Amino acid sequence: MNIQPLRPSEILQMPEADRTREWYKVYCAEDLRTLQEGVSGHAADEFVWQGYNYKIMKVSNWSMGILNHFRAYAARTPVTPN
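Mapping to the numbering used here: the sequence shown position 30 is 359, numbers consecutive.
These are computed hints drawn from the structure, not numbers from a lab. Check each hint, because a few of them may be wrong.
As the list claims (entries may be wrong) - Listed below are the simulated EDC-like cross-link pairs for lysine to aspartate or glutamate, each with C-alpha atoms no more than 16 Å apart in a straight line: (1) K387 <-> D347; (2) K387 <-> E359; (3) K354 <-> E339; (4) K354 <-> D374.
Said to hold, decoys possible - DEER-style ranges, computed between Cβ atoms: (5) N331 <-> G367: 20 to 26 Å; (6) V377 <-> M343: 19 to 25 Å; (7) E339 <-> N390: 29 to 35 Å; (8) W378 <-> E339: 31 to 37 Å; (9) D347 <-> H371: 21 to 27 Å; (10) V368 <-> P337: 37 to 43 Å.
Remember, it's a predicted structure, so these values are computed and weren't measured experimentally. A virtual CB, placed ideally from N, CA and C, is assigned to each residue, including glycine.
Could you put the whole structure together from the sequences, leaning on the hints where they help?
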């Protein structure tokens, strides 16, 4: 898994309400899932990195035949006080 911060220009393309969140691009050979609503749905994949929880928000499948991988956008989940 490779984790990289989004560039400022990528963040500016997001809806204004999402721009204040902490975003990362995730490159991975394993299939990543976003939230699927409905009866046959499933929760979004999550991971812990540098002590914070992140949720997969958007996934792209890059099948090129040689170096197939998934690129996902992950946002840090809010930290709430105990």
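Structure-based check of all given hints:
{"no.": "1", "hint": "K387 <-> D347", "result": "holds, 13 Å"}
{"no.": "2", "hint": "K387 <-> E359", "result": "holds, 14 Å"}
{"no.": "3", "hint": "K354 <-> E339", "result": "holds, 10 Å"}
{"no.": "4", "hint": "K354 <-> D374", "result": "holds, 14 Å"}
{"no.": "5", "hint": "N331 <-> G367: 20 to 26 Å", "result": "violated, 31 Å"}
{"no.": "6", "hint": "V377 <-> M343: 19 to 25 Å", "result": "holds, 23 Å"}
{"no.": "7", "hint": "E339 <-> N390: 29 to 35 Å", "result": "violated, 19 Å"}
{"no.": "8", "hint": "W378 <-> E339: 31 to 37 Å", "result": "violated, 18 Å"}
{"no.": "9", "hint": "D347 <-> H371: 21 to 27 Å", "result": "holds, 22 Å"}
{"no.": "10", "hint": "V368 <-> P337: 37 to 43 Å", "result": "holds, 40 Å"}
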